[in-house]
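Based on these hints, arrange chain B on the given structure of chain A.
Protein chains: 2
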Amino acid sequence: MTYCLAILTHAGLIMAADSRTNAGVDYVSTAQKLFDFSIPGERVILICTAGNLSMTQNVLTLISRDLKTRVASNLNDASTMYEVAQYIGHLTRQIVEDNRSWLSKDGIDFQCTFLVGGQIKGEAPELYMVYSQGNVLRATKETPYLQIGEIKYGKPILDRVIHFDSTDLDEAATCALLSIDSTMKSNISVGPPINIVLYKTDALEIKHRLKLLENDPYLESIRYSWEDAVKKAFRDLPTLSWQTSSEAYTEAENWLSPRNIYTS
Amino acid sequence: MTYCLAILTHAGLIMAADSRTNAGVDYVSTAQKLFDFSIPGERVILICTAGNLSMTQNVLTLISRDLKTRVASNLNDASTMYEVAQYIGHLTRQIVEDNRSWLSKDGIDFQCTFLVGGQIKGEAPELYMVYSQGNVLRATKETPYLQIGEIKYGKPILDRVIHFDSTDLDEAATCALLSIDSTMKSNISVGPPINIVLYKTDALEIKHRLKLLENDPYLESIRYSWEDAVKKAFRDLPTLSWQTSSEAYTEAENWLSPRNIYTS
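Chains as they are written, first to last, in the working numbering: chain A, 1 to 264; chain B, 1001 to 1264.
Since the hints were made in silico from the structure, they are not lab data. Each residue gets a CB set at the ideal place from its N, CA and C atoms; glycine is no exception. Hints may contain errors.
[Stated by the list, open to error] Computed from the model, here is a short list of chain A residues facing chain B with C-beta under 7 Å:
1) Pro156
2) His163
3) Thr174
4) Arg223
5) Val230
6) Thr239
7) Leu256
8) Ser257
Bound conformation, chain A alone (with noise of 0.2 Å):
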C-alpha cells in the first residue's frame, strides 16, 4: 500500500509520501513515492504516485524518456499545471492500456494515481489528483487536500486542521506528518521513511524538503505529543448520562428486542 497527500494553501503547498512498497505481505520492500521535476527560477513539478508499482514507475519512466528526446509535448513544455496534469494522464492511460489485458487476465490490480502539484512563472500554484483513468481532478479553496493509496485513518486530522485561507505551511506540514502517522499506526503497509516537501507561493524553487526515518526525533515528538493530548482530551470529556439523552431506557419498551420488528 502507500499513502501521499497533499495540500494547498493561500501560502503554497505541502507534499509528503510515505516509502512502503508491498506485494501481498510477504513482500515488502522500499520505494520512493515523490519526485521533483523542478527547474528553479522557471517551474516546480512535484509528483506523487500510488498504486501498481509496475505502472507507476513505467509512467515516471515516459516522463523522463520525453525529456531527454525533448518530444514536442513533455513536461516542461507545458504552460499550465493543468496541461502537466493532463500530460501525465495522457501517459497513464496509454500505460494502463499496454497491460490491461494482460493483468486482467490474471486478476492483477493495475490502478496508478497521481498527485501533481507546483507553479509554472506567471501562474498561480496548482494541485491535481491524476486517476488511473488519465482524468485530472483539481484542489479548491473548498477542499484544499488531495490524497492517494491509504486514504481514510488520516483523513479526519486533515479535516479538522486544513484551511486554505488560514493555515500556513509550517502547520500544514505537521499535519500532515500527523495523518501520515497515524496511518502508519493502523496500517503495516504504509512505513518510513517519509518524503516531505515544502513548497512557498512564487519562490519557483523547493527549499524545504525532509526524508523522515524510522526513528526520526521529530517524528517521535509528535507521536508522544499527539498521544499523551488525546488521551488527555479523552479523559477530559463530559460523561455519558445513561438517563438523561435523547431517547432513555424505560423498562416497558425494549426497541432493540427484534419483536418490533418481525413478529415472531
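Coordinates of chain B only, in the frame set by chain A:
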C-alpha cells in the same frame, strides 16, 4: 454503508451501531442494526449487522423463525456464546448460498457480517464477529474490540484508548460514540440515530441502552469538546524544524530528483 462496533473489557461489553442504510447515494433510508435477543436472568445476546441489508434481514428472520418454531438448534438452545456465533454463521451460509448465484449475475455485493456479543449464565461474556462465509472470530484481551462496515475512520481512537484490563464501561461507551461520530463526519453513508448498549458482566440483563438522535445534546457536547481539544493539541505540537531533522536538505543533493532513479 454502516458502522457498528463492540468493545469487550474486564467489566463487560459495549455495542453500538449507526442506523443509515443506502443503495447508492440516491436511495438513503434508516434501518436498525443493533438487536437484543436477551432473556433476562438467563442469557444476554446482542447482534449488530452490516453489509447487504436483504441478507442480514433474512438471517434475523431465520433466527426469529427458529425461536418461534422451537426447532432443535435455535438461539436459546445454544449453551455457549461460541455456539451462538456458530449458529448465526450457519444461517448466514444458508442465506448467502440461496442468493449467491442470482446476485452475482448482476454484480451485486451480497457480503454481510455480524457482531455477536453477550453472556450465557455460568459462562464469561464473549464477543464474536461472524463473517459472510459463516466462520467466526472471537475478540481477545489483546484486541478487545471488533468493527464491521466502514471501520477505518473510527479505528485510531480505539487503538489509543481501549485496553481490556483498564478501560471502564463508561469510558468504552464514550469512546464508541466518538469513534462513530468521527466516522459520520467523513462518510455520509453512516448516520444517526445511534443505538448503544452497555452490559455489565454477570448482570445477565441489559439495563443501559440509548438511542441518540441527530441533535442529541451529549453527542453534540462530545463532538465539540473533541474538536476543540484536537485543535488545541495540534496547536501545541512542537514545530517541525527543516534544518535539524534526521536527513536535512543539502543544496548539493536533491534526492527527490528522478535523476537519482532514472538515467534520463
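Here's how the hints hold up against the structure:
For A/Pro156, the suggested interface contact is upheld, since its CB lies about 5 Å from the closest CB of chain B, less than 7 Å. Restraint check, A/His163 versus chain B: the minimum CB separation of about 11 Å is more than 7 Å; hint violated. A cut of 7 Å between beta carbons decides the hint on A/Thr174: the least distance to chain B is about 6 Å, and the hint holds. Of the supplied interface hints, the one on A/Arg223 is violated, with its beta-carbon coming no nearer than about 10 Å to a beta-carbon of chain B, more than 7 Å.
Interface restraint check: A/Val230 against chain B, minimum CB-CB distance 5 Å, threshold 7 Å, status holds. Nearest Cβ of chain B to the Cβ of A/Thr239: about 6 Å, under the 7 Å cut. The hint holds. Interface hint status for A/Leu256: upheld, as the beta-carbon distance to the closest one in chain B is roughly 4 Å, under 7 Å. For A/Ser257, the shortest C-beta to C-beta distance to chain B is roughly 6 Å, which falls under 7 Å, so the interface hint holds.
Checked against the numbered hints above, the structure violates hints 2, 4; every other hint is satisfied.
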